[in-house]
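In case you want the letters, here they are:
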Amino acid sequence: MSSTFDQVATIIAETCDIPRDTITPDSHAIDDLGIDSLDFLDIAFAIDKQFGIKLPLEKWTQEVNDGKATTEQYFVLKNLCARIDELVAAKGASA
Amino acid sequence: MQLEYFHMIDRIVDLKVDERTIVVEAQVPMESTIFEGHFPGYPLMPGVLLIESMAQASGWLQLGVFKFERMPILAAVKEAKVRGSVFPGDLMSIEASLTHEGSGYAMTEAKIRVGGKLRANSALTFTLIPFPNADMRSHMDAIAKRVGFPQQAVSP
Chain A
1 MSSTFDQVAT IIAETCDIPR DTITPDSHAI DDLGIDSLDF LDIAFAIDKQ FGIKLPLEKW
61 TQEVNDGKAT TEQYFVLKNL CARIDELVAA KGASA
Chain B
1 MQLEYFHMID RIVDLKVDER TIVVEAQVPM ESTIFEGHFP GYPLMPGVLL IESMAQASGW
61 LQLGVFKFER MPILAAVKEA KVRGSVFPGD LMSIEASLTH EGSGYAMTEA KIRVGGKLRA
121 NSALTFTLIP FPNADMRSHM DAIAKRVGFP QQAVSP
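Protein chains in written order, with full-length UniProt numbering: chain A, 1 to 95; chain B, 1 to 156.
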């Protein structure tokens with residue numbers, strides 16, 4: 001089974017037509033890959049479907065806007081994947 | 001339908017909040033300034049207004065599902081097909097279903113039929129925002145009454 005990062009990178013590559021080999025765990029989805037908020041909805045949709053979770057985009061955006069978090073915490077891919085793993089684990093624990 | 005005001009939907013026929021589906025009707029007027037230009041001698045509903053009609057049907061569905069807590073704003077038309085023309089005087093039956101509820105966004109699929117025949121379909125994405133002000137909220141309440149929005153569908 002491929003890693004969370006491999007799955008997310010594939011989703012980003014296919015959704016945003018970005019060469020797969022340019023996507024690394026340290027890539028920032030916005031600053032490095034140039035993904036805008038609308039395109040990120042498509043990525044969030046694909047992640048929601050693939051992992052059976054609901055990425056809390058509103059909460060994250062609010063935290064960034066309030067200065068309680070940085071975009072790096074959620075949109076650098078290795079961090080995004082860690083959040084996904086947490087959400088998947090939380091879902092498994094509550095099932 | 002008042003095309004010039006973008007009032008596309010006349011009546012909510014069936015809103016099933018639990019099943020996340022809606023059916024609405026929209027009566028295309030016989031006359032409109034839009035038809036004077038689109039097209040002289042051959043008036044027909046512009047395709048973008050068919051998409052707008054499907055977006056508004058999807059909007060009423062979301063207002064029902066999310067109990068008027070958020071305002072859906074059209075963000076993306078993922079796919080739209082105009083499979084046949086819609087003419088002045090046609091009664092459009094528009095179905096929409098909520099296909100995905102994300103955090104701050106939602107996706108729908110919608111279809112327009114006239115006389116039972118499919119005329120257009122689309123897959124749409126919406127962002128869900130707080131109502132920007134009280135005027136907007138009261139405006140939507142007024143339109144909800146006009147189109148027969150079933151308030152009991154969103155009652156606690």
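Any given hint could turn out to be false.
Said to hold, decoys possible - No farther apart than 20 Å at their CA atoms in a straight line, the calculated lysine to any residue pairs in the SDA-like style are these: (1) A:K59 with A:D36; (2) A:K54 with B:K111; (3) B:K78 with A:I35; (4) B:K111 with B:L44; (5) A:K49 with B:K111.
Quick caveat, the hints were computed from the structure, so don't treat them as lab data.
Verification of the supplied hints:
The suggested pairing of K59 of chain A with D36 of chain A holds, with an alpha-carbon distance near 18 Å, which does not exceed 20 Å. For the hint linking K54 of chain A to K111 of chain B, the alpha-carbon distance of about 27 Å lies beyond 20 Å, and the restraint is violated. For the hint pairing K78 of chain B with I35 of chain A, the CA-to-CA distance comes to about 17 Å; that is within 20 Å, so the pair holds. For the proposed pair K111 of chain B and L44 of chain B, the alpha carbon gap of about 18 Å is at most 20 Å, so the pair holds.
Distance check on the hinted pair: K49 of chain A and K111 of chain B sit about 23 Å apart at the alpha-carbon level, beyond 20 Å; violated.
When each numbered hint is compared with the structure, violations occur for hints 2 and 5.
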